[in-house]
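S.K.: Guided by the hints, dock chains E and D onto chain Y, whose structure is given.
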Amino acid sequence: MTDQNHDEIPEVIPDYVEPAAPPSLDSEAAEKAAAERDIAVGVGQTLVEIDNLSVTFGGLTALDSVSFDIKRGEILGLIGPNGAGKTTCFNAMTGVYKPSGGDVRLEGVSLLRKKQHTITRMGLARTFQNIRLWGEMTALENVAVGLDTRHRTSLFGAMLGIPRHRREEKSTIERGMALLEFVGIAEAAMTKASALPYGHQRRLEIARALATDPKLLCLDEPAAGFNPAEKEDLMELIRTIRDDGYTVLLIEHDMKLVMGVTDRIVVLEFGKLLAEGPPKEIRENPAVISAYLGEEAQV
Amino acid sequence: MSTEPVLGSEGAQKHLEELAEHANKPGRFAGLNQWWEQQPRVKQWAILLPIAAVVFFLPVINPPIITTEPGNDWPLACFDMARFALVALGLNVVVGQAGLLDLGYVGFFAVGSYVAALWTSPDSSAVHIPYLWTLPLAMLVTVVFGVCLGIPTLRLRGDYLAIVTLGFGEIIRLLATIIPAMRGQQGFKEVGHPPGTGSDGIPIFTNNHGTPWYMLTVGIIVLVMILLGNIERSRVGRAWIAIREDEDAAEIMGVPTFKFKIWAFATGAAIGGLSGALFAGQVGFVNNQKFDVVTSVLFLCAVILGGSGNKLGVIIGGALVSYIPNRFTSIADYKYLIFGVALVLLMIFRSQGLIGARAHLLAYGRAARARTRELAARRRTPEPTPDPAQEAAS
Amino acid sequence: MIHPLIDNQWISFDWSSLGQNFWPVTFDGLTFGAIYALVALGYTLVYGVLNLINFAHSEVFISGAYACVFTLSALGFGPSPLQMPVIELIGCLVASCVAAMVASAVVAFLLERLAYKPLRSRNASRLAFLITAIGASFAIQYLIYLWRGASAEESVTMFIPQPVFTVFGATVDSQQILIVVAAVVMMVLTDQFVRRTRLGRGVRAVAQDPDTATLMGVDRERIIVTTFVIGGLLAGAASLFYVMKVPSGVIYNGGFILGIKAFTAAVLGGIGNIRGALVGGLLLGLIGNYGQILLGNSQWTDVVSFVVLVLILMVRPTGLLGSDLGKVRA
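If you're matching them up, the sequences are chains Y, E and D in order. Just so we're aligned: the first sequence equals residues 1 to 299 in the UniProt record's numbering. Just so we're aligned: the second sequence equals residues 1 to 394 in the UniProt record's numbering. Just so we're aligned: the third sequence equals residues 1 to 330 in the UniProt record's numbering.
Same shape as in the complex, but just chain Y:
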């Protein structure tokens, strides 16, 4: 967890501001960028179940029997003070850590003991808190690797240029450009990722994760290092992603952003589930105020 946002946590929870209507998107781009996936559960039904998930490191329990659901079509915020287990929970879900107990199920299928790349193919994509793009590849190529998770050309197919390969490559350009337009960096498509400015790199990470056609998009502190204007833009983007039919799990330090964009919030503290509910409830929950914000506010 980075500490760079400490000073950005407001002393009191800001009032929830009704977001302005999202700007009309480039409808053509949005359509091309939209997922072609088939999700078994309907909107509002449970997409991911986190069931008594525990993670221990040596003797230290980082996550202690945490259970919550993620419902299809919502933006779920995962918050908590530093060391509360947010990132641990995240890593256990995406297969980076092996949980010591409990289960994570996506549409009823357990993700435990699955390889990381399989989890991504099953429909769980993420961004990284400390940006991890492939620096020598262009923005479009980064997105293309994400799109490739849905492609099936083999070494020989590529070598001989079979029709499926050509079809996949054409769709890569089309969908890749559309995704870049969707996040607003299409003009930098041919620029090396390492040469992009910080904000664009963050957006590129989101585009790359969307490219894998996720059922659940996990954003790990996507606003870290952003100024208020950029955060505002990011909120718009996250809402648009949700409106496009994606489900979003958002880990975030910035309370204004979390309160402003999420439909529901899960609060962790010391590896345990502290509270769960819509932002309005969480904001008024005395336990959350004392445990999470109280300590910050009293500084």
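Bear in mind the hints are in silico, worked out from the structure with no lab data behind them. Remember, predicted model here, so these are calculated numbers, not experimental data. Treat the hints with care, since some could be wrong.
To be verified - Below, in silico cross-link-like pairs of lysine to aspartate or glutamate (EDC-like), each with a Cα-Cα straight-line distance of 20 Å or less:
no.: 1; chain 1: Y; residue 1: K114; chain 2: Y; residue 2: E49
no.: 2; chain 1: Y; residue 1: K114; chain 2: E; residue 2: D123
no.: 3; chain 1: E; residue 1: K189; chain 2: E; residue 2: D123
no.: 4; chain 1: Y; residue 1: K115; chain 2: E; residue 2: E247
To be verified - Covered stretches of chain E (in silico footprint by chain Y; criterion: 3 or more residues with CB under 8 Å from a CB of chain Y, positions within the stretch not fixed):
no.: 5; region: 204–217
no.: 6; region: 238–244
no.: 7; region: 250–262
What the hints assert, rightly or not - Residues from chain E shown here face chain Y by an in silico Cβ test under 8 Å; the list is partial:
no.: 8; residue: N72
no.: 9; residue: M225
no.: 10; residue: L227
no.: 11; residue: N230
no.: 12; residue: R235
no.: 13; residue: T372
no.: 14; residue: L375
no.: 15; residue: A377
no.: 16; residue: R380
Built from N, CA and C at the ideal position, the CB exists for glycine as well.
M.R.: Just chains E and D now, kept in the frame of chain Y:
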């Protein structure tokens, strides 16, 4: 169609425009490369074909100054350059693209040589087949070796892989010494060659006649380059670069890294085996003396010198590593020292090699480039401003 | 008829020979193991601090061997042993040992400054470090080649090993005792240095977390140089024992195979782990010797060592004792 991006403040937008401009206009340093990329295919071919012709007939042209004679036979020196270029092309897949440091590449080369020798030399009691059939056979056998070496080792971290492959190269050499059927230093004589005799009844392919071997190898190089280029501009090539850049991130983003690493290893091994079989055919003699670690490092140097990850670069690198000691015979004794120092200096001062161009990884990259240019152009045309006269009237 | 390609003659297991010679082979293996262990420490220390396989460490080692041979030759030693009082002999051995250690340490230091430091200041990739290491190894090897030629140095005999006592029917000679005891003492000193001294704590801190260590005021550059120099000193000492044990082995590429074996020893014990280097070295010395007797050909030692390396990496990549220099408890 609205071009309002979902994200982006004004400053960021400005930067984007600069980037787009930069991507589409020749830069000060990368000028030639940028210019080249913007030329239409036809024009590219028009420039390339004469160059290709010169390269193809290089041993016949025997240009003064450049020639390695009288020290070394020029056509044979040409074949040696081509052989190194082919090896570098194969090793480049493993080191340059997938980022796996293979220090035992000579092992694959050796396996290819022995395959050619075992199935064509009269010293071998194995079934004999025509020489040209040993080329695909050598590739097949080395792929098996590559996969057998890869499965246990490619799960390891990169630096362990380096030392294990180093060991593999040595094991192959030691086994060639220990196993009696491999005939140790005695070796296999009269390894086969492609069929065909000239008008004077002398076979076209002989040990001391480098030109036909060179042309055969150049033809193979062109074919290999085309096939490798296709792989490069596919999900396989992209996955390799992603693994090289950040393996963990690649795995998390859905790339089955282990499978792609095995593919890289197998591809590299196949090309190594192919060049080994060609070498065995030209020299006509295979024993355990030419496959030491030193040669592996020379191969590595070829890749790094030319520009790791760049096909044209490593071909030039391979040719140079072979050419320099043949041309400048007075420094031939120093070649290992020179190439060792060159590796260190290159890593410090120019890690991208002589030709530091980035490989293209999209099969239809031109379409995307055109789209980017179009977007940039649209951004530059100002919004239609209201007519001042009309404004005054209202 | 058996097809010659799958001729079964090339590998055979000579169990009776191993049974008869078990103890002499064991003692000899331990002696070689002690040498591997000293060289392995150099790999382990550098790996712990920089996460780099210092391929050129084998050349650091062989430079020491050359310095050792030159010193001994200058002192009048030759292929046949000199007659001299014990005190004088010890003096000569110490002098050549110091020369070897200094030479190796200087090569290690130069290597660090000239090859690796510029890479660090350029934030080069891991691949770049590995390629530099292999390039440097190559360059030093052929520098020696150009200077001394392709043949080995004339062998130098320091003294004729005298039997000291007999265990299990096998004699243990003075040379074996000297090598094993000296090596173990040096390893204990290194271990204590890393555990107890201020500089040693710095080494552990950098190994564990370079960034935090730097924030806490540890001078990372100084620590890195220190580990290279310590590794060099130990390799120099090892080279003296190597010259004792293999007098005809001082050749330009003589460090290469020994280097790979020492690295295997380091991985076997757990790379980054100082005690692991000792355990791994001794074990590998034994395995190599048993393998050689069992298979009846000295070239099999090398093959056996490589196979051991691959097997450990597959089964237990952290080695026998675990692989973290930073986690050494004080």
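S.K.: If a hint holds in the structure, say so; if it does not, say that too.
M.R.: To see whether the hints hold, each was checked on the structure:
1. Restraint check for K114(Y) and E49(Y): the C-alpha separation of about 16 Å stays at or below 20 Å, so the hint holds.
2. Straight-line distance between C-alpha atoms of K114(Y) and D123(E) comes to about 53 Å, which puts the hinted pair past the 20 Å bound.
3. For the proposed pair K189(E) and D123(E), the alpha carbon gap of about 7 Å is at most 20 Å, so the pair holds.
4. At most 20 Å may separate the alpha-carbon atoms for a hinted pair to count; K115(Y) and E247(E) meet this at roughly 14 Å.
5. Only residues whose beta carbon comes within less than 8 Å of a beta carbon in chain Y count, and the region 204–217 of chain E has 0; fewer than three means the coverage is violated.
6. Counting residues of the region 238–244 of chain E whose C-beta lies closer than 8 Å to any C-beta of chain Y gives 5; at least three are required, and the coverage claim holds.
7. With 8 residues bearing a CB less than 8 Å from a CB of chain Y, the region 250–262 of chain E meets the requirement of three and the coverage assertion stands.
8. This hint is violated: N72(E) has a C-beta 36 Å from the nearest C-beta of chain Y, more than the 8 Å allowed.
9. Contact between M225(E) and chain Y, as hinted, is not supported at the beta carbon level, the nearest pair being about 12 Å apart and thus beyond 8 Å.
10. With 8 Å as the threshold, the beta carbon of L227(E) comes within range of chain Y, its nearest partner Cβ sitting at about 5 Å, so the hint holds.
11. Taken as an interface hint, N230(E) checks out: its beta carbon lies about 5 Å from the nearest beta carbon of chain Y, inside 8 Å.
12. At a threshold of 8 Å, the smallest CB-CB gap from R235(E) to chain Y is about 4 Å, leaving the interface hint in force.
13. A least Cβ separation of about 5 Å between T372(E) and chain Y falls short of the 8 Å threshold, and the interface hint therefore holds.
14. Interface restraint check: L375(E) against chain Y, minimum CB-CB distance 5 Å, threshold 8 Å, status holds.
15. At a threshold of 8 Å, the smallest CB-CB gap from A377(E) to chain Y is about 10 Å, leaving the interface hint violated.
16. Evaluation of the R380(E) hint against chain Y yields a violated restraint, the C-beta minimum of about 11 Å exceeding 8 Å.
Hint check: violations occur at hints 2, 5, 8, 9, 15 and 16; the rest are consistent with the structure.
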